[in-house]
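Based on the provided sequences and hints, a complete structural model is requested.
Chains as they are written, first to last, in our numbering: chain A, 1 to 446; chain B, 447 to 892; chain C, 893 to 1338.
Some clues are possibly wrong.
Derived list of chain C stretches under chain A, where covered just means 3 residues or more per stretch with a C-beta under 8 Å from a C-beta of chain A [stated by the list, open to error]: (1) 1102-1115; (2) 1280-1293.
20 Å max Cα-Cα, derived EDC-like pairs, lysine to aspartate or glutamate [stated by the list, open to error]: (3) B:670 / C:1080; (4) B:680 / B:737; (5) A:234 / B:531; (6) A:421 / B:868; (7) B:844 / C:1286; (8) C:1290 / B:850; (9) B:670 / C:977; (10) B:670 / B:634; (11) A:234 / B:522.
Simulated from the structure, these hints should not be mistaken for laboratory data.
What you are looking at is a predicted structure, and each value in this text was computed from that prediction instead of being measured.
Quick reminder that beta carbons are idealized off the backbone N, C-alpha and C, glycines included.
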Amino acid sequence: MRRRLILLLLPVAALLSVSAGFVYVQWSKGGPGSGLYSRYWSPDPVQGYWDPDNFYRSPDSVSGVFDGKLCVQCHEGITPGIVADWRASRHARGDNPVYCSNCHGSDHQQLHMPTPLVCANCHEKQHDAFLDEARYGFPSHVLAMERAVDAPHFADKPKAEVQSCVQCHSVATKCDSCHTRHRFDAAEARRSEACITCHSGPPHPDDETYFASAHGQLYLAEGKNWDWSKPLIKGNYRAPTCAYCHMDGGRHQVAHKSLWKFGLREINPHTSQNSVLRRRWIDLCSDCHEERQATQWLTELDGERKAAWHKLYQAETMLKKLRSDDLIRPSADERPDYPMGSLWPRERIGFFEGQASAFYNVSAIERDYFEMWYFDSLGAYKSAAHGDAAGVREGHRKMAASLDRIESRAGRLRQLAKTAKENELSPDLSGLWSSGAYTDHNREHN
Amino acid sequence: MRRRLILLLLPVAALLSVSAGFVYVQWSKGGPGSGLYSRYWSPDPVQGYWDPDNFYRSPDSVSGVFDGKLCVQCHEGITPGIVADWRASRHARGDNPVYCSNCHGSDHQQLHMPTPLVCANCHEKQHDAFLDEARYGFPSHVLAMERAVDAPHFADKPKAEVQSCVQCHSVATKCDSCHTRHRFDAAEARRSEACITCHSGPPHPDDETYFASAHGQLYLAEGKNWDWSKPLIKGNYRAPTCAYCHMDGGRHQVAHKSLWKFGLREINPHTSQNSVLRRRWIDLCSDCHEERQATQWLTELDGERKAAWHKLYQAETMLKKLRSDDLIRPSADERPDYPMGSLWPRERIGFFEGQASAFYNVSAIERDYFEMWYFDSLGAYKSAAHGDAAGVREGHRKMAASLDRIESRAGRLRQLAKTAKENELSPDLSGLWSSGAYTDHNREHN
Amino acid sequence: MRRRLILLLLPVAALLSVSAGFVYVQWSKGGPGSGLYSRYWSPDPVQGYWDPDNFYRSPDSVSGVFDGKLCVQCHEGITPGIVADWRASRHARGDNPVYCSNCHGSDHQQLHMPTPLVCANCHEKQHDAFLDEARYGFPSHVLAMERAVDAPHFADKPKAEVQSCVQCHSVATKCDSCHTRHRFDAAEARRSEACITCHSGPPHPDDETYFASAHGQLYLAEGKNWDWSKPLIKGNYRAPTCAYCHMDGGRHQVAHKSLWKFGLREINPHTSQNSVLRRRWIDLCSDCHEERQATQWLTELDGERKAAWHKLYQAETMLKKLRSDDLIRPSADERPDYPMGSLWPRERIGFFEGQASAFYNVSAIERDYFEMWYFDSLGAYKSAAHGDAAGVREGHRKMAASLDRIESRAGRLRQLAKTAKENELSPDLSGLWSSGAYTDHNREHN
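Below you can see the structure in the form of structure tokens.
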């Protein structure tokens, strides 16, 4: 009822919200860096290192303007490790080295941490490719930070938890997520470890699934002896790494052949647009394998996805039935709103209403569904895509277990509702799946 | 009731089934390759690479008959990586190299993928040892494919799921599961990574448990610097690998000292036959350790198994009680049959009725039991056998948690049955633990 | 009631218990090695290798007194691997090698396995530092064995399970837990693998969290090529290993900067004593990072801990409410006692009454709480401390799931109690979370 009144007031609210500062500022365009919900949180100091353009503040402990050689001289004693890394880098070579000051500035009270734009001064081609990923939408590296801070739960969750998200989503705002400072060696970035720091664990177990594959095992057994100075092209490597397939030839844009993307949604894998992506995928695999075999593996992946969505839709159907019988307690109406939630009131069931909507502040049974989709199914997907046979089986086992749990919870909900009705009691509103304190508390304190 | 009628008709049905094509054709003897349930499924094209003898079809894109040198010349451009692998192999050396055509044939429209029999032309001793494993029954490498396609759920499950099984079970039908193509280097196969591609994840976490052991950690820390050209005998390696223990001396038969095998069944570890296996085990460990210490570790493993079976029997007892009280819903009678299930109607509770019977199409509580046995217990076993202390503890913790879950479900089943009886309702048949659609659907579409 | 009677008899019982052999003998002081509950268990033979000072018995198969050169000569044939390890060690170098007999004795019927005291003959400084860790209490290496055998469940659990604990806790009683025999190379012990054999899995996933961090990935990618002969000081390594941070400079005492320790208890991280530890922590990180950044990361860790304890206290509150309503069944009174449990009767809810109290022999809901604390929360802690972003998120997700499970169980308990009351039934005492058979059985047979 409350919500319906608000809906009637929507046009007014929209106007008010604009004047109240709700206007969206695109993170990547140098806005305040705190996204759609900027009113609700302030950055922790450590965020200055993760999104330096927006939040880094130079320390004022040392004053003076130094040229690069002096930086090196002094830091040789203070932080010899990073100086050694720089010395071993291409930046330190030749007659005209790239010194500390070239990237960090020379006024020690005005230091900055380099952003992709700083690197773009010399590495324009790579930066352009990096930006180009935005064309393919999210998930993508270049939009990673923006999407993190624009998620409703970013403002609503205790910061201690969302910080761990930002740590990796900072791949959008600095280049040393993949190229370790201060070596910045292409040879290093060609190795899978460069990607794995972030690409592990649910919902993106690339670590687990790649290394469990025949490709990954070959890399583990022999990769140490391969010549990593060679470019990522046909014939140079015995087995593919993350970058070999996703950044073939060194292209700094990984969405180039992303067909199913993260497996987040069901797609028609045979649209004309997707046929282009399929072609790229198969061509790449044909560097080593018979083209026909590559095609067949991709068909297997399509089959795995179809089986996964078959299970997901079963869960969705159960939840929709519960909702139409008003048995999901608390209902969307009874739950605390997300920020701006009153403008676009939404039932929150899983993937078809967007990823962010089911992370938190939902009933336990909806969270089960969310995990089935975001953890179990995506894990099965990555396993199938990377050739990790055990992971496919395990992902589907977990999906089946989730279905069982959802069915079991649904049965209990129906039973409770029946008992409540018989005894003329109002339904029990417990069971909100939350993780930490919510909403008002965090908005005030984040 | 239905089942009882069918039982009476069993002799008739048996006769009919023979004439209808149910006759078992042994996979490894060059039959159709689809095993006991061949009527119910057809292979996906990719299966041609996994079971080439039965399903591979040569592509017809290129015609002509080529001798080995010409193969190499052309593929140097098309797939340079695999040519480089071959050049680095022993096959490429000497006056009389083993060319592509020696294994794949020279008519490009009649190419074949090599099976173990092809390799046996030169590597007879290894192939004989490989075949010899069959003597020890399943699990074994040589019977792996046969047992996969002969499992009832192979025909009944969506193919997208069982494909992931076949991918590894193809160890029976081609040698490059362990020896990566086209290098086929013994040094490579001596390393644990050669085995780990398949031996990871439940129910056979050899990966996780070996690498978590002191042996595995030593291998990870130093293995890269060991001389892998040395044979797998005493004194050549600082720590054992998979092959060092299971294929000592290079014997291509891993069942040689398999005492508890996968931990699937409780055994008497001290029969005269098992004493022979114990002796082999202890002798092997004595390459590095005091014999008495090796003996004591094996005794500890026996103790771990005894404790595991103690837990498993507790669960079994609970389930048997539920069954005798007719509280497992749906009962075996109420569930869809496996193919040929009507010939041998079986209650389906866990290990004592065979592994395949409890994978799917069982009630949720039976599946809990299955997972306790097949995942938790086998994980604890592998941990104990490989010296992964944390894994033993974790496996037993999981078994205890499974017991708790089973007890909790049993309580709810009894409660539901009581309520149903009081209200003169028929019992609720929901709760079938399934993973994907079943039976008729798949039999028609697999 | 029974318990109250026993309480009245406590002074008498105390006296009796002393005379009956309950007197505590400190393990590390050369007592019988079986700790507080020595009456209830006897060691398995393999324990002789894990706690050699107390339990090792020399084999009597070979007689004679041999000097070191003879040991080597004979064992070159019997166990060539360990002789090769010794030859590669510093012990074998120079004019005056440390022979087998120097550590194991020369009478083959009186051999012993070296304890830390044996190593201390030459490596006094390291041994002193090792002993010094005791100052910081438990967890610590030097107290690890003592605390294992003094835990009530050590005597009460089937030995097959507690053996896996002792295997790692033997770090207190022999040096080859970290320095592999018979190489004893410092270079080896500097690598993370030296620690990981024990530090993996819940409740101490140091393995998983370190290797998932940027530090760990750098180590995995490049560590093989680093010069491990260098000491663990600033500038020598591109990324930190376990030892670099926890044993900086080679100090054999890892509690030196342990602030939150294992995350077991909530602390005030800003006491004057803890400020000293913080300073050490930050100084160490400043070897490579800006001091301010190190400080901010530590603040993030504090924040993560605060969020974790916020969740843990929610669970505790639920359990306390259940207890005060007498709804935890079986109650502490109704459960089998631990050994000596009747002397100090305790309610057993989680961390605030000590770790050992909630391992086993508790109700299922209490065990849920225990796992939330000991597995989920500690995993999140290690992730935050080691910079494993995904692990923080996953740990908090698991804590939230545990909260949901606890709430769900609590609801069912309340429902069952209500039903029982309405029907004038006594409450159901099922649901004891146990793992294996208990108490009397084990005390007699362990």
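Now the hints, each set against the structure:
no. : hint           : verdict
1   : 1102-1115      : holds (count 8)
2   : 1280-1293      : holds (count 10)
3   : B:670 / C:1080 : holds (14 Å)
4   : B:680 / B:737  : holds (14 Å)
5   : A:234 / B:531  : holds (13 Å)
6   : A:421 / B:868  : holds (18 Å)
7   : B:844 / C:1286 : holds (19 Å)
8   : C:1290 / B:850 : holds (19 Å)
9   : B:670 / C:977  : holds (17 Å)
10  : B:670 / B:634  : holds (11 Å)
11  : A:234 / B:522  : holds (11 Å)
Going down the numbered hints, you'll see the structure goes against none, and every one checks out.
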